[in-house]
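Undergrad: The primary structure of each chain is shown beneath.
Number of protein chains: 2
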Amino acid sequence: MKTILLKNRPKGKPQTSDFEFTESEKPVPQDGEVLLETKYVSVDPYLRGRMRDEKSYIEPFKLNEPVESAVVAEVVESKNEKFKKGDFLTGMLQWKEFQTNTGKGLRKVDKDKASLSAYLGVLGLTGLTAYFGLKRIGELKDGETLLVSGAAGAVGTVVGQIGKIMGCTVVGIAGTDEKVTMLTDEYGFDAAINYSKTDDMTAAIKKAAPDGIDVYFDNVGSYTLDAAMNNINRFGRVVNCGAISLYNETEQPTGPRLETTIVKKSIKMQGFIVRNFEEDFQEGIQQLGSWLQEGKLKHEETIVDGFEKIPQAFIDLFDGKNKGKMVVKV
Amino acid sequence: MKTILLKNRPKGKPQTSDFEFTESEKPVPQDGEVLLETKYVSVDPYLRGRMRDEKSYIEPFKLNEPVESAVVAEVVESKNEKFKKGDFLTGMLQWKEFQTNTGKGLRKVDKDKASLSAYLGVLGLTGLTAYFGLKRIGELKDGETLLVSGAAGAVGTVVGQIGKIMGCTVVGIAGTDEKVTMLTDEYGFDAAINYSKTDDMTAAIKKAAPDGIDVYFDNVGSYTLDAAMNNINRFGRVVNCGAISLYNETEQPTGPRLETTIVKKSIKMQGFIVRNFEEDFQEGIQQLGSWLQEGKLKHEETIVDGFEKIPQAFIDLFDGKNKGKMVVKV
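Going down the list, the protein sequences come from chains E and F. Taking the working numbering, I'd label the letters of the first sequence as residues 11 to 340. Taking the working numbering, I'd label the letters of the second sequence as residues 11 to 340.
Next comes chain E alone, as it looks inside the complex (with noise of 0.2 angstroms):
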């Protein structure tokens, strides 16, 4: 059975070189264990964060370690009671085609309520980033304006549909004119601006979005949050959920300072991460599980096979390759 382990902190943009691969033999469960065997693997920006030698939220991933992620897997041996053969879980696991694990921290799933890899997106920790970054961050009201950027992403095509079942207008912002296209007819955004073929940000937002932004939830960072900030009304709400556009910076980056404008406006910028809501997951999932049941929310994977594949589809989410959530089916 294959490892990945993080062999180098990535400088800059992550590369393959970056990881490495080890063979090794199964390992055996101990009383109280499960010996599981990976189905599917989350690959997520944040990732990166845990590869900088940085105190964080999370430990930094040591190097010549196993990196690990979200992953669903199926129980192939079970010495725990709680589980048993054929069970599906979903948790933080380590990028290993088997591993062993007491099953703390792993929820069951069930397949028969929705795919596998939804566990990993919609109705995992990407759906429940968009449901709370949108809710307790944002305070999104009915009718407002909502934009929202890395909006073909796995959280961005959540963000825009919330915003939609709440009678909001949204605008969304991608990197071709596929993903805009998509975001239009497919998920029923109001406008979505191609940021590649935009020189100027600002007067793009201004004209899809006339009114002003109320909340604009950030997954990029970077100019694009400037030109959020230059079109955000009084009470405005900015919901950080990310900054890919900056994590493979080397130095510190620059830009016009907001504190003027942040002042001004009675504007609120706000930080999270997923885990500050897990008490209340139980109440997202089921929320989300019921739009997904009743057809209001679609979900996009970008599915690549093969365990090898994990880290080049890592790496591809910096380059914007995917289309929702990406996916590594083992």
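It is worth saying that the hints were derived from the structure and are not from the lab. Do not take every clue at face value.
Straight-line distance between alpha carbons at most 27 angstroms, and here's what the computed BS3-like set of lysine-lysine pairs gives [unchecked claim]: (1) E:LYS339 with E:LYS89; (2) F:LYS333 with F:LYS123; (3) E:LYS275 with F:LYS65; (4) E:LYS145 with F:LYS151; (5) F:LYS118 with F:LYS92; (6) E:LYS275 with F:LYS274; (7) F:LYS145 with E:LYS275; (8) F:LYS123 with E:LYS274; (9) F:LYS333 with F:LYS121; (10) E:LYS17 with E:LYS216.
Following the hints, complete the assembly by docking chain F onto the known chain E.
TA: Positioned in the frame of chain E, the structure of chain F alone reads:
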């Protein structure tokens, strides 16, 4: 009687030549009006914003028309049954020695409870700014670590004292040794930093608050904000009350991008103006009033004498020439 008009929109730091004095006859109150004699005039940094020809939460001042700010005035003649001769009123009034007014938006002040000038400071908008900024925006909790910039100013001195009343560790930032000594010796701050003698603000804050900052009450913006962000704790809150260091900038100021920190540490940055809490002013005035009467709240004032000194007193704010609230006695 004299009136002060805005003659030019200041470029950079305001000059006395941006203001013009005119002479006219005392006005005569009509039915429903009172004739007011100006007693104390508040000069405040936020007025700089209204001197720009920019859309904001409040109309910009018009050229060749009177400037207005918070004022305490005496009723010298009344044709309004709600007010009688000898009453003292406060509210937004023009920079005039005498003016007529219907009394709408003005409230009576009790000169036996506190000095008249206190109603422009600790019991006026500045005290309320400190109170609601800390309580509602900063969500300051007992025992946390509070950093405040512009600490020796009108708002800052109240902020720090409320922090101490709440049992917090309080660190202030000010611009002279005299102010720094005043903060620790007279106001009970735990530590204070003289930014004008500090090369590395990040290190200075770290030294003063080794466990990091939970709430940063920002009156100045710019590199002081950056240094505070370098020391902020997870779930920290930034109260964006003002950005006096930027108000006179003529170019868009730039600085390090803060969004990565905001996301990584789940930070809230929120701007406000005190009027957002207008409905709850009575709560704030009552609380501040009892602290004042219990001797828990000192208030410092820099009182400048003479109507004709108003423009210079305003300009002096930007050189930090005030300790506590800057007020002009007419």
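Undergrad: All the hints need checking, so say for each whether the structure fits it.
TA: So, going through the hints one by one against the coordinates:
1. A threshold of 27 angstroms between alpha carbons decides the hint, and for LYS339 of chain E with LYS89 of chain E the separation of about 26 angstroms falls inside it, so the pair holds.
2. This hinted pair checks out: LYS333 of chain F and LYS123 of chain F have alpha carbons roughly 23 angstroms apart, not beyond 27 angstroms.
3. With a CA separation close to 10 angstroms, the supplied pair LYS275 of chain E and LYS65 of chain F stays within the 27 angstroms bound.
4. Of the pairs offered as hints, the one joining LYS145 of chain E and LYS151 of chain F holds, with about 24 angstroms between alpha carbons and a cut-off of 27 angstroms not exceeded.
5. In summary, the hint linking LYS118 of chain F to LYS92 of chain F is supported, as the alpha carbons are separated by about 10 angstroms, within the 27 angstroms threshold.
6. Taking the CA atoms of LYS275 of chain E and LYS274 of chain F, the gap is near 24 angstroms; set against the 27 angstroms cutoff, the hint holds.
7. Annotation: proposed proximity of LYS145 of chain F to LYS275 of chain E holds, straight-line Cα distance about 19 angstroms (limit 27 angstroms).
8. For the suggested pair LYS123 of chain F and LYS274 of chain E, the alpha carbons sit about 33 angstroms apart, so the restraint of at most 27 angstroms is broken.
9. Of the pairs offered as hints, the one joining LYS333 of chain F and LYS121 of chain F holds, with about 23 angstroms between alpha carbons and a cut-off of 27 angstroms not exceeded.
10. Simply put, LYS17 of chain E and LYS216 of chain E have alpha-carbon atoms about 45 angstroms apart, too far for the 27 angstroms limit, and the pair is violated.
Checked against the numbered hints listed earlier, the structure breaks hints 8, 10; every other hint is satisfied.
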